[in-house]
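According to our numbering, the sequence shown holds residues 39 to 529 in order.
Any given hint might turn out to be false.
Said to hold, decoys possible - The list that follows gives simulated cross-link-like pairs (lysine-lysine, DSS-like), each with its CA atoms no further than 27 Å apart:
| no. | residue 1 | residue 2 |
| --- | --- | --- |
| 1 | Lys-527 | Lys-447 |
| 2 | Lys-348 | Lys-293 |
| 3 | Lys-95 | Lys-110 |
| 4 | Lys-272 | Lys-288 |
| 5 | Lys-447 | Lys-408 |
| 6 | Lys-293 | Lys-357 |
| 7 | Lys-382 | Lys-357 |
| 8 | Lys-421 | Lys-404 |
| 9 | Lys-374 | Lys-432 |
| 10 | Lys-421 | Lys-432 |
| 11 | Lys-386 | Lys-115 |
| 12 | Lys-357 | Lys-288 |
| 13 | Lys-60 | Lys-348 |
| 14 | Lys-357 | Lys-386 |
| 15 | Lys-76 | Lys-115 |
| 16 | Lys-60 | Lys-110 |
| 17 | Lys-272 | Lys-300 |
| 18 | Lys-386 | Lys-404 |
| 19 | Lys-517 | Lys-76 |
| 20 | Lys-172 | Lys-95 |
| 21 | Lys-466 | Lys-52 |
| 22 | Lys-432 | Lys-386 |
Note that these hints are calculated values from the structure, not bench results.
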Amino acid sequence: MAKNITTREEDYSKWYNELVIKADLAENSGVRGCMVIKPYGFAIWERMQAELDRMFKETGHQNAYFPLFIPKSYFSKEASHVDGFAKECAVVTHYRLKNAEDGSGIIVDPDAKLEEELIVRPTSETIIWDTYRKWVQSYRDLPLLINQWANVVRWEMRTRLFLRTAEFLWQEGHTAHATKDEAIFEAEQMMNIYAEFSENYLAIPVIKGTKTESERFAGALETYCIEALMQDGKALQAGTSHFLGQNFAKAFDVKFAAKDGKLDYVWATSWGVSTRLMGALVMTHSDDNGLVLPPNLAPDQVVIVPIYRKEEEFEAVNKVALNLVKELRSNGIRVKYDNRDTHKPGWKFNEYELKGVPVRIAIGPKDVEKGTVEVARRDTLKKEFISSENAVEKVLLLMDEIQSNLYNKAASYRAEHTTEVATYEEFKDVLQGKGGFILAHWDGTTETEEQIKNETKATIRCIPLEGSNEPGTCIITGKPSERKVVFAKAY
39 MAKNITTREE DYSKWYNELV IKADLAENSG VRGCMVIKPY GFAIWERMQA ELDRMFKETG
99 HQNAYFPLFI PKSYFSKEAS HVDGFAKECA VVTHYRLKNA EDGSGIIVDP DAKLEEELIV
159 RPTSETIIWD TYRKWVQSYR DLPLLINQWA NVVRWEMRTR LFLRTAEFLW QEGHTAHATK
219 DEAIFEAEQM MNIYAEFSEN YLAIPVIKGT KTESERFAGA LETYCIEALM QDGKALQAGT
279 SHFLGQNFAK AFDVKFAAKD GKLDYVWATS WGVSTRLMGA LVMTHSDDNG LVLPPNLAPD
339 QVVIVPIYRK EEEFEAVNKV ALNLVKELRS NGIRVKYDNR DTHKPGWKFN EYELKGVPVR
399 IAIGPKDVEK GTVEVARRDT LKKEFISSEN AVEKVLLLMD EIQSNLYNKA ASYRAEHTTE
459 VATYEEFKDV LQGKGGFILA HWDGTTETEE QIKNETKATI RCIPLEGSNE PGTCIITGKP
519 SERKVVFAKA Y
């Protein structure tokens, strides 16, 4: 199975696509640009959902659901927002089909044209802010902290499983506040939650920062982001949080009576992460043998495979395995016991290596006699025999060890592929060589940003919130620069 995967060195893009399909995460569907997320892939997404949902609720947020269809007129109310999404919108124009009179098949009924076209949700700011107008009257109604788990459609021409599809799954938070400071705090808080989730669960180190004006979300005054580095030296935007100011409140007339009785517009944020995180997970940790999943996120943290030839051997092995399953589960470990007799142990070993299960335990007749089990860890592919009595304790230690090892390995890669440059020539040399994150001075103008993008395909990933902020001069124009920003080629 895994032996048939193209290596990363041979063709990283092909390796990624083959791995996503062969590891049973997702596949292309009959609908152009859309994917089918298979049960194993969806199980990982459900783990992401569960942890993020818990983190959202711990910070006071509630879940709701808003319509998939948005009247076209809503988009025209916030000019920069519609400009940002106009080219990606799917539009519903009719509400009925009928049989063609010539018997050629089903056609759209020309008499069933909608009075107003509906946009299939590319993001929900407009429909939500139209709703918030009814929900907010007084400062007592604030803050409004709402999240929704949903699907969205953005009509992408070049698609790639998880990374860029016409339809994808995500969560989108939309909040309303009485003051500017509260809204900014919210936007920064959610960026920090995304960073915490990425580092503690996905084991992916990220840089926290803000976007340049040209890279901000359409309609935002500030966009906060987390940026991660993949194994091919390209960056991936893993999450964003936006301070929207009062733009949407003014567009949809969402006012509240303050404590002093004066009417004012509320302050807004929106924030989201999507199934793109699945792509980040694959590209950060996996190897030429298949997926490598961090234990905190793996649907199955441990798989137990019995090895036997005769029925009486199975009875003895099965007894040990079932006891181990029970003990591990009582210690909070997610365990799969694969006692299928339709596949040989070697096939199962290969399958779980491909699927990235963090720990594999094999138990055979000789192990039963000796009171041992074989433990193999996915991150290093190392195996060892340990006492059955110590198996639970060993697995619990391995959960932390593997999680930390994956994070440290990714952090080391990022450190090795983060380069500070002083000149444009150095900048281009690094891009053509090892790639990665490049720290360079920029004069703050969109013109210089566009020049670098057009000439090198590298973009400013973020203006980092932490790290060196020593002033210098722009690598292109020589004009003063307050601090270095993060450049990279990106997905």
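These are the hints, each one checked on the structure:
no.: 1; hint: Lys-527 x Lys-447; in the structure: holds, 21 Å
no.: 2; hint: Lys-348 x Lys-293; in the structure: violated, 75 Å
no.: 3; hint: Lys-95 x Lys-110; in the structure: violated, 32 Å
no.: 4; hint: Lys-272 x Lys-288; in the structure: violated, 39 Å
no.: 5; hint: Lys-447 x Lys-408; in the structure: violated, 35 Å
no.: 6; hint: Lys-293 x Lys-357; in the structure: violated, 66 Å
no.: 7; hint: Lys-382 x Lys-357; in the structure: holds, 19 Å
no.: 8; hint: Lys-421 x Lys-404; in the structure: holds, 16 Å
no.: 9; hint: Lys-374 x Lys-432; in the structure: holds, 17 Å
no.: 10; hint: Lys-421 x Lys-432; in the structure: holds, 13 Å
no.: 11; hint: Lys-386 x Lys-115; in the structure: violated, 56 Å
no.: 12; hint: Lys-357 x Lys-288; in the structure: violated, 67 Å
no.: 13; hint: Lys-60 x Lys-348; in the structure: violated, 32 Å
no.: 14; hint: Lys-357 x Lys-386; in the structure: holds, 20 Å
no.: 15; hint: Lys-76 x Lys-115; in the structure: violated, 39 Å
no.: 16; hint: Lys-60 x Lys-110; in the structure: violated, 41 Å
no.: 17; hint: Lys-272 x Lys-300; in the structure: violated, 50 Å
no.: 18; hint: Lys-386 x Lys-404; in the structure: holds, 19 Å
no.: 19; hint: Lys-517 x Lys-76; in the structure: violated, 52 Å
no.: 20; hint: Lys-172 x Lys-95; in the structure: holds, 23 Å
no.: 21; hint: Lys-466 x Lys-52; in the structure: holds, 26 Å
no.: 22; hint: Lys-432 x Lys-386; in the structure: holds, 22 Å
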